[in-house]
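Asks: Kindly produce the complete structure, drawing on both the sequences and the hints.
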Amino acid sequence: MKREKLKEIESTLPEFFTMVANAMKAGLSFPQALQMASQEGPSPLKEEFKEILEKINLGWSLEEALLAKESALKLADFSLMVHSVLILRQTGGNFVPHFENLAHILRERKKVSSKIRLQTTQGMTQGVILGFMPLGLGLALFCLSPEFISPLWESALGWIALCAILILDAGGWLWMRHLARIEI
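Residues 1 to 184 (our numbering) make up the sequence shown, in order.
Think of the hints as simulated: they come from the structure by calculation, not from any bench. All C-beta atoms in this analysis are idealised placements derived from N, C-alpha and C, irrespective of residue type, glycine included. Among the clues, some could well be false.
Said to hold, decoys possible - Calculated pairs, SDA-like style, for lysine to any residue (alpha carbon to alpha carbon, straight line, at most 20 Å):
id : residue 1 : residue 2
1  : 50        : 11
2  : 50        : 12
3  : 74        : 64
4  : 5         : 74
5  : 110       : 76
What the hints assert, rightly or not - Estimated spans, in silico, between C-beta atoms of each pair:
id : residue 1 : residue 2 : range
6  : 6         : 155       : 55 to 61 Å
7  : 105       : 2         : 22 to 28 Å
8  : 63        : 3         : 23 to 29 Å
9  : 112       : 29        : 32 to 38 Å
10 : 137       : 2         : 43 to 49 Å
11 : 179       : 91        : 41 to 47 Å
12 : 108       : 139       : 45 to 51 Å
Replies: As structure tokens, then:
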């Protein structure tokens with residue numbers, strides 16, 4: 001499945017979970033709530049649930065259909081929903097608060113991940129600025145006072161120092177990128 005479609009499915013999960021919870025509050029059973037949400041829910045997630053319902057109509061159990069879709073989508077949030085539904089069906093738990101909590105958790109996680117992305121972007125920008133600063137200072141020194149910086153390329157020791165500066169600068173820039181990159 002394409003990455004864009006998976007991201008779209010993942011972004012519509014909270015809305016879908018809220019829709020299922022509201023349908024169950026209105027008195028529908030879980031399969032009926034899935035049926036309603038698959039008709040009125042957000043695309044492309046409703047198409048995925050239509051496939052689940054088609055499998056159920058063909059004789060698959062709800063558990064089998066959900067697990068098959070879980071293995072096809074390979075989304076952590078969808079997997080969380082599938083396994084919690086399986087547990088709730090076995091233990092006889094209440095679906096409504098569970099789906100409301102799932103929707104709330106996914107919305108909060110989205111907020112936190114956007115804040116983290118903002119912070120890491122700032123860290124990456126700082127890394128780029130700090131990485132180019134020695135080069136900019138070297139260029140400024142060359143323009144203002146070429147005789148002051150010319151020993152860097154006029155002697156062997158200068159070339160060694162220049163190479164060390166470039167290697168350390170590149171290493172620092174790469175390290176800063178590594179530190180600023182966070183998997184969410």
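Asks: Of the hints stated earlier, which fail here?
Replies: The structure conflicts with no hint, since it agrees with every one listed earlier.
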